[in-house]
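Asks: Read off the chains here:
2 protein chains.
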Amino acid sequence: MSIIEFSKRQKKIVEIVKKNQPITSEQIAESLHLTRATLRADLALLTMVGILDARPKVGYFYTGNSIQTFIGDYLHKIKVEDTKSFPVIVSEETTIYDAIVTLFLEDVGTLFVQNKDKYLSGVVSRKDLLKIVVGNQDIHKIPVGMIMTRMPNIVFVHDKDSIYDAALEIMEHEIDSVPVVESIKDQHGEVQYKITGRISKTNITKVFVEIGKE
Amino acid sequence: MSIIEFSKRQKKIVEIVKKNQPITSEQIAESLHLTRATLRADLALLTMVGILDARPKVGYFYTGNSIQTFIGDYLHKIKVEDTKSFPVIVSEETTIYDAIVTLFLEDVGTLFVQNKDKYLSGVVSRKDLLKIVVGNQDIHKIPVGMIMTRMPNIVFVHDKDSIYDAALEIMEHEIDSVPVVESIKDQHGEVQYKITGRISKTNITKVFVEIGKE
Chain G
1 MSIIEFSKRQ
11 KKIVEIVKKN
21 QPITSEQIAE
31 SLHLTRATLR
41 ADLALLTMVG
51 ILDARPKVGY
61 FYTGNSIQTF
71 IGDYLHKIKV
81 EDTKSFPVIV
91 SEETTIYDAI
101 VTLFLEDVGT
111 LFVQNKDKYL
121 SGVVSRKDLL
131 KIVVGNQDIH
141 KIPVGMIMTR
151 MPNIVFVHDK
161 DSIYDAALEI
171 MEHEIDSVPV
181 VESIKDQHGE
191 VQYKITGRIS
201 KTNITKVFVE
211 IGKE
Chain Z
1 MSIIEFSKRQ
11 KKIVEIVKKN
21 QPITSEQIAE
31 SLHLTRATLR
41 ADLALLTMVG
51 ILDARPKVGY
61 FYTGNSIQTF
71 IGDYLHKIKV
81 EDTKSFPVIV
91 SEETTIYDAI
101 VTLFLEDVGT
111 LFVQNKDKYL
121 SGVVSRKDLL
131 KIVVGNQDIH
141 KIPVGMIMTR
151 MPNIVFVHDK
161 DSIYDAALEI
171 MEHEIDSVPV
181 VESIKDQHGE
191 VQYKITGRIS
201 KTNITKVFVE
211 IGKE
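Order-wise, the sequence lines are chains G and Z.
Per UniProt numbering, residue 1 is the first one in the first sequence, and the count goes up by one each step.
Per UniProt numbering, residue 1 is the first one in the second sequence, and the count goes up by one each step.
No wet-lab data here; the hints were simulated from the structure.
The beta carbon of each residue, even a glycine, is placed where N, CA and C say it ideally should be.
Be aware that one or more of the hints could be misleading.
[Stated by the list, open to error] Per the computed footprint, the stretches of chain Z lying under chain G, defined by three or more beta-carbons under 8 Å from a beta-carbon of chain G, are: (1) 44-51; (2) 132-140; (3) 165-173; (4) 204-213.
[As the list claims (entries may be wrong)] Each computed DSS-like pair below joins lysine-lysine, with the alpha-carbon atoms no more than 27 Å apart: (5) Z:K19 - Z:K8; (6) Z:K11 - G:K79; (7) Z:K18 - G:K213; (8) G:K213 - Z:K116; (9) Z:K19 - G:K213; (10) G:K160 - Z:K206; (11) Z:K79 - G:K11; (12) Z:K213 - G:K19; (13) G:K79 - Z:K160; (14) Z:K160 - G:K206; (15) Z:K127 - G:K141; (16) Z:K79 - G:K206; (17) Z:K8 - G:K77; (18) Z:K160 - G:K213; (19) G:K206 - G:K160; (20) G:K127 - Z:K206.
Produce the entire structure from the sequences given, and follow the hints as far as they go.
Replies: If you want it as structure tokens, here you go:
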């Protein structure tokens, strides 16, 4: 898979550099029986795209980067703060039933739970709720605080993290979304987390579609 | 947002071409007070990346492409068949309760439903199931066939579609996943769909993470 269809000559140059690095443009030109002028544009492109690296008075190096690295860099530059959605927040006292109603009304897959001080204390997913409901428990009495995943077992991201970081957390922990938080020191000097947003697989899919749109 | 940090000169060239297209390399060189030779690498790069287009004997044009288009192309090249997961399939007679158990055992968000001829007939999501269960209906008696989204109201993709196509369908129809199908003509000459896979937001997030991995 590659986007730029590199020319045969460009591929040959990369092969030559791989084998003989560091190598000067004169030496590359020589082994291809071409002039340096002819190679100038190719070398400029390969260097710019990051596949080759040029060091003055030494020559060209192969960086080990592929075109994929290049796209990867792009995903690392998209910030959470630019793509996050509004968080849907309930309190620990909210009943399971009310949580489910909120889930449907807001049309989200995950609810974030905050404690009395309005700091992140838990997360509850559609899957958690379905499990409880099928278990025939009294969903009008049990509060989400009893079934939620509780801090410190919650994965979260900050505004300045990349959407890639968020995607990685979601995949590694097999969850549907992560809360976006702002870290704050409370009156006891302890770090607490204020919920400011939500990044779900939907946000990532949306970024994916936006990038792919022509 | 951009991956390649274009040089000031390259940005100037793009601006000049935008305003004066079609424009020859001599004319660009002239307005920058530079020689054609000096510009050669820049023009080659901008053309290769697809931002400029060169037509012989006419000159350079601005294509309107950005670096984003370039990455988009890449996403269009990743095929559904290379990224799909196994589908989790139930029959129309499966009870809601058994469907929920299957959902948890297989750890998926959506079940695909097939009819007696083993062709795609419906889709049922975690959300559909949660709604029914909260509605206090007898989940041990009601079959998924009664609550599923039914053909022809189902969005699907084929092996040769791109992961981008799948992501677009998922976003446009606000669903969590699409079945991957193979179109087959049945004995009456009608087109039917055999379920061969599943593309969910999880698959898309996975591709996203793989691309971003260095």
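Asks: Name the hints, by number, that the structure is in violation of.
Replies: Structure breaks hints 8, 13.
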